[in-house]
Each structure stands twice: as C-alpha cells, then as structure tokens.
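Asker: Take the two lone chains, each set in its own frame, and fit them into one complex as the hints suggest.
Residue numbers (full-length UniProt numbering), protein chains in the order written: chain A, 1 to 125; chain B, 1 to 182.
Do not take every clue at face value.
Distance condition first, Cα-Cα at most 20 Å in a straight line; then the derived SDA-like pairs of lysine to any residue [said to hold, decoys possible]: (1) K11/A / A162/B; (2) K11/A / D145/B; (3) K11/A / E152/B; (4) K30/A / E88/A; (5) K30/A / E156/B.
Now the stretches of chain A that chain B is said to cover, found in silico as 3 or more residues with beta-carbon under 8 Å [claimed, not checked]: (6) 33-42; (7) 55-64.
Where chain B lies over chain A, by a calculated footprint (3+ residues, C-beta under 8 Å) [what the hints assert, rightly or not]: (8) 8-14; (9) 45-52.
Keep in mind that the hints were calculated from the coordinates and are not lab data.
The model shown is predicted, which means the values in this text are computed figures rather than measured ones.
Positions of the beta carbon are idealized from the N, C-alpha and C atoms, including for glycine.
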Amino acid sequence: MAKLKISDLAKIRDRVHEQINLREDGAQVKITVHMGTCGIASGARDVLNAAMDELDKSGRTDIIITTSGCAGLCSQEPMITVERLNEEPIKYVFVDNAKMRQIFNRHAVEGEVQTQWALAKGSEQ
Amino acid sequence: MEDLSLHLLDLVENSLNAGANLVEIDIDEQPLADRMTVTINDNGKGMDAQTLARASDPFFTTRTTRRIGLGLSLIKANAEAWGGGMELSSAPGVGTRLHFWFQLGHIDRQPLGDWPGTLLGLIMSRPGVEFVYRHRVGENDFEMDTRELRRELGPEALQSPAVVNLLRPQVRGALDELGSTA
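Looking at chain B on its own, in the form it has when it is part of the complex (with noise of 0.2 Å):
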C-alpha cells in the first residue's frame, strides 16, 4: 500500500464485509506527543475469541476462495515499524474495534494521502451504510457524519458523484483548517 488511506480503505472494506451499517473512524494527531492514533469501531457482525485470536495472521482468512488475508497483517506491521502497535477487539454479535497508534514523525511513516477522496468514494459506493469519522489535531476536531448529511441533503444525495465531488474540498479545507499534518 503506498498511503495510510489505502491502508483505512482496505480495513473499512472489512468491516463492510462482515456485514457492517455503521462504521466509526476516528483519527487523532497529537504532534506534541509525536503520536497519531487511528481507531474504526464497526457494528459487523464480529468475530468469536478464537477468529480474534488468528486475525493478524497473514495467513488467516474466512474467505474460501484463497487463503491468505493480508489486511490487519499489513497494518499491523507497519504500525510496530513506525514505532506504534495495534489493538484489536472484538464480539460476535456487537462488532469489532481496531485500533493502533504510531509515531507521527517517524521518518519511515506513510503519508495519509487523499484520505477525503477515499472515504468519500467509499461513502458514494455504500448507501447502505453510515459513516462517521472524526478527525482531530491537538485541541481543535472536525466530524462528518452521514447520517446527518443525509438529513440536510436528502436520502439519496450521497449517491450522486456530483455532490460527492462537491463534499471533497469541503473536507479537505477542514483538515487543513485543523492543521493536519498527516
């Protein structure tokens, strides 16, 4: 993967997956502390103990069509390069939550890349599904949830490219207003 966002892509496509209609992403820099936390709470359907135990394995999959699953594996191992870790829990029924942390300046870091653009292609190819994502730098925080897009715009508006493209600077100019460095 060649930025963070792919790397929140592919995670968020799990959630999906396993049958998920809300999906939480909260992102938190804190450039004092030289430290940026990631966590994505999902109200799938979630995985027993011995699913969670086996999760990060590359090599573990629920798929029967290959058998290798690289996702949590990929982030897992970056997050310890870039001097973090990750936590992973879970319960059947409930959903689960990933959450790993790593250090903001670390020179081998990825950037965050086109995080908005992702989140909002995923938004527009969901309808299904609600999302809400937070976004902090320091003290100061920004967050879009769909539900309440939906309830200014309309139920099918974030199914329209036109106004997806329209969201895109509207949230990039938040991040940037947060001074997000990521």
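Just chain A, with the same shape it has in the complex (with noise of 0.2 Å):
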C-alpha cells in the first residue's frame, strides 16, 4: 500500500506551524461555494480552485472557504456566497475564474462589495 513519503509530510508539516502560528481570531470571512449539480456542470470547481488560489498566495488566516448545497438558482450558476463578519452576505452569480479573483481581493479581503456581479444581500435559503 502505497503511502504520501514521511519525508513529505514533514515538509509539509513545517508548512503547517507557519500557516498555524499567523491564527488569533476566529475566522473574520466566510466564501461559500455552491456545489450542486447545476454549480458543478457550470464551473464551480475552477471557482473552488481560483478561491483557494488566492487564499493561499493572500496569506490570510481569517478566510475559510466551504462549499454548499445548490442555492436554487440554476440559471445563474456558478455562485458564490460572500460572508464578511458583522456585514450582510452577499450572493454573487455567473462566478469564473477571472471574477472570483476579483471578488475574492477586493471583497473578502478589502471589504468592499462587488456590486456588478451581485445578485443579492441576504442569507442561504
């Protein structure tokens, strides 16, 4: 049985003592993305990839991206939810690559909301 190299893992793991150390607070933002099968068929997973592409190279600690169930809105497909601590969620659509980079830079991290992408202010259905 094949297994991941123990020297790896220690690699990896002094990757893990330095991303570990940065955490105080508890998470500050939250990015759903919606998985359904309609999100998936339309590209969720290169917004999954980009969103934590842009985690990684950010360096935050305080943003935790998770992933959701359909949010009903098909047609509109790839979305995403936003969620900055102590502001109203914010639902973008039509999410690609390119855009959720954007959003992820000048939203998540920067706090402010990317009005010609969003659809709506609110919580999951």
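Answerer: The structure is reproduced here in structure tokens:
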C-alpha cells in the first residue's frame, strides 16, 4: 500500500506550523461556493480552485472557504456567497475564475462589495 | 459534466448534504479486464426504500427549492453508455453505498480529469468531514486517509490551501506511480 512519504509529510508539517502561528481570532470571512449539480456542471470547481489559489497567495488565515448545495438559481450558476463578519452576506452570480479572484481580493480581503456581479444580499435559503 | 471527477464531486456533495462525516471513495482500474469501478460509501442519513427506488430518477429530488435532481441519473446514464452499470444501496441511519462500473477503454468514456485537485478542494472546504480515498490499478494501490493526515500534520492543517497545494502533486505522483490511465 503506497502512502504519502514521511519526508514529504515532514515538509508539509513545517509549512503547517508556519500557517497556524499566524492565526489569532476565528474566521472573519467565509466564502461559500455552491456545488449542486448545476454549479458543478457550470464550472464551480474552477471557481473553488481560484478561491483556494488566492487564499494561498494572500497568506490570510482568517478567511475560510466552504462548499454547499445548490443555491436554487441554477440558471445563474456558478454562484458564491461572501460573508464578512458583521456584514450582510452577498451572493454573486455567473462567477468564473477571473471574477472569483477579483471578488476575493476586493471584497473578501478589502471589504468592497463588487456590485456589478452581485445578485442579492441576505442569508442562505 | 466534462470529466468523471466532476461526477464524483457531485456525488460526494450528495453524501455531504445527507450529513455524512465519513466518505470513502474507492477507484479500481483493471486494464486487463478492461474495467473500472468506483464505489462511494458514506455514513449520512441514508434513504428509506421508497426514496431509494426513485433516487436515480432525474425528476426526483428531496430539495424543496426546485424539482429536478440530476446527479445520480447522469452517472447512471453515463456508466450504462460506457458499457457498465450502477448499483445503489442505502439504509436510514446507516448511510449510502453507490457502486458503478464501466469499460475502462470504452471510446466514449470521459477521462477522470483532475481528481486529486478536485478531492483536495473538497477536503479543504469541508473540515468536519473525513475522507478515505483508495485507488487501485491492477495489483497496486494507494490510500489517502484524512484522519491519518490530521494526526500527522495537525488538526487544522487540511484547512490551509498551502498544505492542500503541497499535497496535490503528492497524490498526482502516487497515481502516476500506480500507472493510472484513467
């Protein structure tokens, strides 16, 4: 049974230590990528990958990325919801790789809602 | 869906939405038998017999926001088109087991695609869920168990995209070593 090599895990462990030391409070921002069948078929995986890539580059440890089921608007997938602490959740529609990167950096990190792509404010159905 | 890993992502999302906190994914490639099988086991809430009977109907869904549920019907149709089939079993309070198979070399079969990246994205975004992924090619196999990774790397490690990005080539490399052609 092939396993991940111990030396590789040790390298990863060092990286983990680096990451975790930075964390102070709990999550301040949550990004949800909607992953119903409609979202997945429309490209939600690329959106998730873009969000993960930007999170890695940002070095932030107070932003979490999660997935959920269909948001109920299949014709406007891929969709994401960005929730900053103490602010209203914002739903974005027709998200792609490039938009996800801009939404991450401008809204999740800097706090400026990208209204040109936003569908609505408010919580999950 | 443009590749098989998107189907798998969709099916695993079904497990997660059913409340599973342990999902086992087995992929078995047998080139000499020209057969590939995929099994997904979860410990979600499961389905009663009535629900199970209708689960692969594209017009059946437990959702209340819309009336079409496509994931199972898509993979069933594809597996059958690729010379195979699908079996689904489930019990309330126990979980669900989905098993499908098809000809590995079928001309219409979708490629597996970036399955390591897809799975690791799921793992990172669902910290409360444990995943066990096994991949076999012929006699050789590989296993990745998130419980083991958390023990080795720390409980929060898999929530870090940096860690996930380090794991991605490890898993890809392991599949290449197995000789996976999917």
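Asker: Indicate, hint by hint, whether the structure satisfies it.
Answerer: Hints and how they fare:
1. For the suggested pair K11/A and A162/B, the alpha carbons sit about 12 Å apart, so the restraint of at most 20 Å is met.
2. The hinted pair formed by K11/A and D145/B meets the criterion: a straight-line CA distance of about 18 Å does not exceed 20 Å.
3. Annotation: proposed proximity of K11/A to E152/B holds, straight-line Cα distance about 11 Å (limit 20 Å).
4. For the hint pairing K30/A with E88/A, the CA-to-CA distance comes to about 12 Å; that is within 20 Å, so the pair holds.
5. For the given pair, K30/A sits about 16 Å from E156/B by alpha-carbon distance, which is consistent with the 20 Å threshold.
6. Against chain B, the region 33-42 of chain A contributes 7 residues with a C-beta closer than 8 Å to a partner C-beta. That satisfies the three-residue criterion, and the hint holds.
7. Coverage of the region 55-64 of chain A by chain B holds. Counting CB-CB distances below 8 Å, 4 residues qualify, and the rule asks for three or more.
8. Coverage of the region 8-14 of chain A by chain B holds in this model, with 5 residues showing a Cβ closer than 8 Å to a Cβ of that chain against a need of three.
9. Using a Cβ-Cβ cut-off of 8 Å, 4 residues of the region 45-52 of chain A lie near chain B, which meets the minimum of three, so the contact claim holds.
Checked against the numbered hints given earlier, this structure breaks none of them.
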